[in-house]
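Construct the entire structure; sequences and hints are all you get.
Protein sequence lines correspond, in order, to chains G and D.
Numbering follows the numbering used here, with no gaps: position 154 of the first sequence is 154.
Just so we're on the same page, the numbering used here is the position in the second sequence counted from 1, plus 176.
Quick caveat, the hints were computed from the structure, so don't treat them as lab data.
Note that this is a predicted model, so its numbers are computed, not measured.
Every residue gets a Cβ at the ideal spot worked out from N, C-alpha and C, and that includes glycine.
Watch out, some of these pointers could steer you wrong.
Said to hold, decoys possible - Selected chain D positions facing chain G (in silico; Cβ < 10 Å): (1) Val277; (2) Met283; (3) Phe284; (4) Ser287; (5) Thr291; (6) Gln293; (7) Gln296; (8) Leu297; (9) Tyr300; (10) Gly304; (11) Gln341; (12) Leu343; (13) Gly344.
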Amino acid sequence: MPTRHTPSHRLLLRLLVAAQVLYVLGVAGAGYATTAYGQHIALATTPVDLHGLQYESFVRLHYIAAEAPLTAWRGASPPQRRQAVYVLLATGPDSLATVAGVYDRELKPAARQAVLRGWVTDVYPRTLGLRYNLERYYVPGDSPLRLGKTSPAVRVQVSIAPWGQARIESVRLLRR
Amino acid sequence: MSRKFLETESPAWVTEGLITEAQRARLLARYPPEAVQAVGLLPLLGSILVGLSALSVVAANWPSLPTTVRLGLLLGSLLAAYAGGEYFLRRGNRRLGHGLVGLGLVMFGVSIILTSQLYQLVGYDVSGLLAWVVVGVLLSYLYNSTPLTLLPIVIGAAVQTYCTQALGLFSYATIGLVALGSGYRWWRRPDTLVASVLAVGLLWQAALWVVLSHSKITWFFIPAMLAYAAGDWHPAGQGTDRPAARALQGPPLVAAYLFALGLALFGETDQYAGLLRPPVLAYLGALAAVFALSVAGKRRQGRLASLPDWLLLLPGFYLPGGLPLAIATLVVLYAHAGSVLARAHRSGDAEQLTLGTVLFVVATMVAYFKLTWAFLDKSLFFLIGGVLLLSLSWYLRRRNASRLAAGAAAVTGAGSPVPAPPAPTSPPAPLA
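Structure, rendered in structure tokens:
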């Protein structure tokens with residue numbers, strides 16, 4: 001085990017700290033790259049409850065695509081809670097994505113389709129509850145959501161990177 | 177020994193002629209009062225308050241800060257913590273230095289989490305947080321510090337918890353890093369606290385694996401007893417006095433004991449026993465392999481006396497549920513308590529003696545509860561139970577006291593000038 005205060009110890013520590021800084025920058029880079037090279041889709045939500053914003057810096061989004069009919073399940077065995085799944089989304093004429101199928105394996109999307117990964121939260125008699133890990137939206141300081149008083153439905157712009165990561169790009173209020 | 181104790185007790189030593197007044201004065205001079213330390217705490221408290229105020233300002237304005245500023249703040253505090261740690265270590269302030277290095281490691285994890293949050297980025301595997309565990313394990317090798325060794329174990333448990341709960345998958349890399357990385361660090365520099373935390377951390381991850389994979393909970397004891405076997409192989413401190421190795425074996429043994437206790441209490445219902453029965457050949461094969469490993473380690477280190485620990489792992493749950501299972505488990509519990517008592521008597525270890533007594537009393541309580549609750553009048557049940565326990569505790573206490581007194585007498589009788597802990601004396605009396 002190296003002793004302290006030797007040149008090799010200091011060099012090792014510097015390398016380790018530099019690696020940590022590079023790693024954090026890498027995470028930030030992945031965030032940029034997901035938007036730059038990713039596929040862009042839009043997801044609609046149910047009305048968003050803004051009351052939590054008084055105490056927390058995020059709101060919970062409930063996606064329309066978080067519920068899929070059980071007929072959309074395309075797995076060999078019945079779906080189980082907490083199972084990781086691949087959700088095939090089809091972009092409609094209004095550019096909003098809807099669930100076309102829920103798979104238990106990776107698949108290649110066709111044109112005007114996208115695959116978003118998620119997890120099964122609940123299995124109901126007729127429907128499947130899904131979670132995308134995109135439910136928590138940290139609202140930036142200049143977002144229109146911070147000015148709103150009522151509960152608006154929003155459209156969430158999501159980009160999906162070719163290597164599988166996904167991020168919320170922006171959240172826009174739906175005009176009604 | 178504290179100075180206060182020395183101050184109050186030493187006059188009596190002088191009057192009894194144990195030490196002279198001059199020796200008393202020299203002893204007092206050797207341990208000066210520690211009034212200075214309290215004043216030394218003030219700057220630390222002050223800087224903590226200043227730090228908290230800065231933290232609250234940043235936290236309150238976090239969402240409205242520009243992305244680059246947020247990223248800069250994270251990386252800046254990470255670098256500052258490491259630089260400060262090295263600075264204080266070079267000046268010889270080890271505790272503060274190691275604390276700041278630990279803070280740097282925590283800042284690294286916080287930076288990963290907050291940066292992903294900054295971009296609302298979702299990862300689908302643990303690779304983002306795995307780097308945190310890797311850096312933690314590497315840092316623990318760079319410094320000779322117990323807290324810095326504990327940190328990666330705790331971080332590993334936290335990462336595994338997040339991974340299984342949020343992502344629904346088990347990270348074998350995380351448990352491997354903790355078991356091999358932190359485990360080897362402990363192996364080289366054994367320490368009781370690190371051993372206990374390491375064992376608890378690994379058991380926690382093993383439990384998460386059992387829950388996630390919907391396995392029978394008895395599979396938990398394969399990894400748990402692997403940790404136990406590692407304690408058997410550890411070479412430090414030959415003989416019975418191996419606190420660092422025993423500390424690693426403590427948590428697995430506690431888990432096994434609680435399991436056996438649960439089996440004795442609830443094993444009668446076949447429904448519960450059914451939850452425990454993994455495929456016979458696979459489970460028994462794996463258990464036998466770990467057992468062989470443990471026995472080989474015990475032989476090598478000359479510790480075969482602790483072999484009865486394995487009594488708790490007897491797979492009694494394969495017996496048909498109902499009374500046979502409950503009785504068999506009770507017999508095992510009694511045998512185990514008896515083995516602990518016998519070993520304690522042989523070594524004259526007061527702590528082990530207490531432990532053995534408690535185990536014996538617990539086994540008796542469970543047996544009494546099992547066998548009489550159903551058909552005894554409840555007031556009579558509690559009365560007889562209470563009297564049974566009282567007489568049992570009186571008997572065991574008397575036995576232990578006489579045993580320890582005999583051990584001490586043997587030592588002083590041999591003319592030993594210093595009061596040593598009671599040495600191994602005569603062969604143990606037959607027990608239980």
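So which hints don't hold here, by number, going up? none
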